[in-house]
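Undergrad: What follows is the residue order along each chain.
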Amino acid sequence: MRKSAAVIVKPLTTLAVIALAAMLPAGRVAAQTRPATTTQATTQRAILAEAIPVAESLRAFDLPNDGGKGIIVQWAKPADEPNGVTYIVQIARTKADFQAGKFETQEVSPSPKALASAKPAYFGYSDDANKLYYAEIVPAAVFGPAKPGPLTPERLKKFADKGVLTPSELDRALAAMKLLPQPAPTTKPTTSPAAKEQHKLTPAQQAELEWYQVLAAYLTKLDGEHVDAEIDTINSAPYSFRLGVKLDGQVALVSHDGEPIVVEAQAVVNLFKWGKLNNLILSLAFSAVVVAFIQVAKRKPGLFIRKIAGLEAIDEAIGRATEMDRPVFFTHGSGSVTALPVIASLNILSRIAYRAAEHDSRVRVMNQDPITTAVSQEIVQQAYTEAGRPDAYNPDEVSLVASDQFSYVAAVSGRMVREEPGAIFLMGTFGADSLLLSETGASTGAIQIAGTDSYTQLPFFVTTCDYTLMGEELYAASAYLSREPRLLGSLRGQDVGKAFIMIVLVLGIILFTAAAAVKGWDLDWLRRLLEASNA
Amino acid sequence: MFLKRTLPLLIVFTIGSLAFVHDFIPHPLSGEFRSEMASWMMIIGGFGMFLGVYSLMHMHITRIRQKMAGWGYSVFVFIGAVGMIATGVYGDIVGVSKDDIDLFDWGYKYIQVPCGATIFSILAFFVASAAFRTFRAKNMAAGLLLGAAVIVMFGRVPICEAVGGWVFNDRQAIVNVANAIMNYPNLAVKRGLLLGIGLAAIAQSVRVLFGVERTYLGGAD
Amino acid sequence: MPDDLQDNPKSIIRHYVEMGVLALLLVVFLAVSLWRQDPLHQKDAAATMKAIGLILAAGLTLTMYSFLYRDNPLFKIAENLYVGVALGYMAMFVWRQALRPMVYEPIFHAPTWSALQTALLHKTVPIIVGFMLLTRLSRKHGWISRYAYALMIGWAAGLAIPNITNTYILKQLYAAVTPLQQAITSAPNTPAFSYDWFVGTAGPVVGTLVILIGTVSVLFYFFFSVEHKKVGRAVSTVGIWFLMVSFGASFGYTVMGRLSLLIGRVQFLLDEWLKIPST
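Chains as they are written, first to last, in this note's numbering: chain A, 1 to 535; chain B, 536 to 756; chain C, 757 to 1035.
It should be emphasised that the hints constitute simulated quantities derived from the structure, not laboratory data.
Take the hints with a grain of salt, since some may be wrong.
With a straight-line Cα cutoff of 20 angstroms, these simulated EDC-like cross-link-like pairs (lysine to aspartate or glutamate) come out [unchecked claim]: (1) B:725 with A:81; (2) B:725 with C:861; (3) C:896 with A:524; (4) A:221 with C:1027; (5) A:157 with A:107; (6) A:246 with A:397; (7) C:879 with B:571; (8) B:602 with A:524; (9) C:896 with A:531; (10) B:725 with A:391; (11) C:896 with A:223; (12) A:221 with B:634; (13) C:927 with A:531; (14) B:644 with C:861; (15) A:77 with A:107; (16) A:162 with A:225; (17) C:799 with B:635; (18) A:131 with A:223; (19) C:927 with A:524; (20) A:178 with A:208; (21) C:806 with B:637; (22) A:246 with A:386; (23) C:799 with B:571; (24) C:799 with C:1028.
What you are looking at is a predicted structure, and each value in this text was computed from that prediction instead of being measured.
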């Protein structure tokens, strides 16, 4: 590989030197810097010639995985890279534009960040990526769209022509425009009472002016949308690129037979983020496993599930609260209903409300999120109905008690101390409120069962609660409590996923560690498989 | 049944599938769809605020009306809420000039912020009492928890360097041990927990999308 | 007086003593506040309001702490006032950040007919769904609100799958499989069994193995379909040990941060309320 590269590099370097020499007199190379002696200039040219990348390596292509914004220009890193050299990418709308001098330039300084290895999402993890430079070109950033000027009567008329303004709205806008305070023609500020008097508007005029300001804001927003559309148009056009190297103000272009090489590319609207392919495969595979086990469990009910102490204790806690004639408290923490742990905790609430209704004890659900409150009300009402006691449901017992984290803590803590619950369930999403609530709860002597997937809060629950459902145990609750075959099946699917992850973990470590010993084994495929990419 | 159960479940499945699929599509339309949905969620959530205010107010009105124990304190909820909403609306409609005092901001700055900060700071006491609670539990697990807590806590205070230098002849000894606990066993557990939670959360999402788990929709009648 | 105290003379005495002390503290607080803040002799209304605000903030701060001793009437007032203020603030916040700019202004203040049409096109569905949510207030028609939950939960669940795969699974897996390789390749060249060798080479290698054992045993601890017996019991016990060490470490790590919150409040009382410069 190295040999063949050298074979190509040498003749090309020679060619490039010739090209450079040919171009210099034509004046297209900016050799406008400080005066140098002839020998110095010759040495510099020779150095520059060494630095010219291999012509064949110059490529331009659509930036993959994006919505049609960018183009990538890539080239091989020269074998010898002189100090102080920078690469320049010239961008023109057409090939002919280069001749006419109508092009823009983007500079790339050599650095690890400019190497293709810095962007594994596009170039992978192989060692070859360390031998490539790349530039990400967003044409609209180079050939920016025209900025819309301030609103003038003419522009208002244009808006009317486009149908944005009806004729009567146009007239109204033009009239309101005249009410705008005119910029003073003289440099002196107009402070005379007469001038001030002129600016005094009647309430009706004031209202018109306010309407005009709303209109202006709306039209500016439309302008923004128009600019966005223009940006898309600019980005989606084809472009031509040339590459050069620059040293001390002198530029030499990558050429072939004395002719600078031009590559072309066009940004395309892509339809799939290939960098997320592993995510898609994993998501679908895991979902499929879960669904498959749900199906299996439907046919073969009675799957084994190990004991989860925190969930076993729920009935005991409710029983104790009933015996002591004390209420049962339930809090969802600070999560909104769209948070997955809150959805999981709603299953537990359903069970607790049902049990409590059976035992004829009171459940108080204290929420911080309005929609979680609404869903909790629905669930508790339903549970009471199923337990045959619909009349026992009181919406005031399933309510929002406060609307932000710490007022919630104050309200719930106060209630814990005053009403002395027999059992407290803290299930859902928690932040700093975890310890504040559970420590107050512990001081009341109630049985406390907590459950959360906020792993930073687990230490506090573990130290203050009688039982804690850690992480995924919270999610297992619906299956565990209801023993519904389909839910149990999904738990089994989850365990299969876990086993798979454990295998990947162990094998991955073995493979990567082995790769450290074997030269040239870069495990590009495995890295791509495990890389979490957003592109 | 169809309107109360099946149709909502169909909506869950459809909108969930779209949410899933759009995440893999870089097309600009996909981005527009996402921002449109985000604004939908904000608007629906905004309506939720009315439910919240109603729920809280209803509870306190009932307390006052039925003269339940401590009903007098509920009046302060009204003073706070009505005061804030009235001053806020006044500021919106009439406007508060720079020289005037915006009572809405005043209420936020001198009531809400100090109360929140104080409740938050109570954690300093509770951390101590929770540690004491653990101290009394005499088993292996509690011992490990307490031991790790003491080492890491000690590793974060300046005096540990002097003690390290005196006892182990290495000023960084305790800091190193504390860092090792944070970097190795702690990281291992974080990974294990996150991987497990991740799988469980995906399984739960799948159950929700396919309508296997539907407690949140309430009953069928 | 709380009902449960009525039959116990000792409790009654204590209750009255406590109330007396509370009243005394309140008087002292007001006297100190008037002395240090002097709200009645300020140069303008803004300064007066600031002085009153600081007294109120200090009073609320001390009252919140009083809960640590016992629930009391002042705390109940502060708690309810705080809940009310926070509710009012939330309502205004939602109005100003969501409902006004996204619903009220685009529809009721549409500057042009075409603007109104655009707004209706984009907002009609969420507004209808928002009103559906409000049917929760009716016992009979409450079920209609399910459509709102269905939309929100469906969207969240669908979006969660790729997001969680990304952050909870792929990121963790990738970070978990490479460190041993890094620990080996980046190890400094030091003589075996020297102090530097232990710190630079053996430490990280053993550490990454500890991570592997910890991660696998914690994952195993959460296996639901396997009964923890024999080897399983041993592995899950190791998992529990890891969990406990980690919880202890997180616990210890946060203590200092929590203390600084308390210091912040004490500084507020000293600097702003009592006007005693701390440095």
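Undergrad: Run every hint past the structure and note whether it holds.
TA: Each hint, compared with the structure:
no.: 1; hint: B:725 with A:81; verdict: 44 angstroms, violated
no.: 2; hint: B:725 with C:861; verdict: 46 angstroms, violated
no.: 3; hint: C:896 with A:524; verdict: 60 angstroms, violated
no.: 4; hint: A:221 with C:1027; verdict: 47 angstroms, violated
no.: 5; hint: A:157 with A:107; verdict: 43 angstroms, violated
no.: 6; hint: A:246 with A:397; verdict: 75 angstroms, violated
no.: 7; hint: C:879 with B:571; verdict: 9 angstroms, holds
no.: 8; hint: B:602 with A:524; verdict: 72 angstroms, violated
no.: 9; hint: C:896 with A:531; verdict: 51 angstroms, violated
no.: 10; hint: B:725 with A:391; verdict: 46 angstroms, violated
no.: 11; hint: C:896 with A:223; verdict: 48 angstroms, violated
no.: 12; hint: A:221 with B:634; verdict: 32 angstroms, violated
no.: 13; hint: C:927 with A:531; verdict: 7 angstroms, holds
no.: 14; hint: B:644 with C:861; verdict: 28 angstroms, violated
no.: 15; hint: A:77 with A:107; verdict: 15 angstroms, holds
no.: 16; hint: A:162 with A:225; verdict: 14 angstroms, holds
no.: 17; hint: C:799 with B:635; verdict: 14 angstroms, holds
no.: 18; hint: A:131 with A:223; verdict: 44 angstroms, violated
no.: 19; hint: C:927 with A:524; verdict: 16 angstroms, holds
no.: 20; hint: A:178 with A:208; verdict: 11 angstroms, holds
no.: 21; hint: C:806 with B:637; verdict: 11 angstroms, holds
no.: 22; hint: A:246 with A:386; verdict: 80 angstroms, violated
no.: 23; hint: C:799 with B:571; verdict: 51 angstroms, violated
no.: 24; hint: C:799 with C:1028; verdict: 18 angstroms, holds
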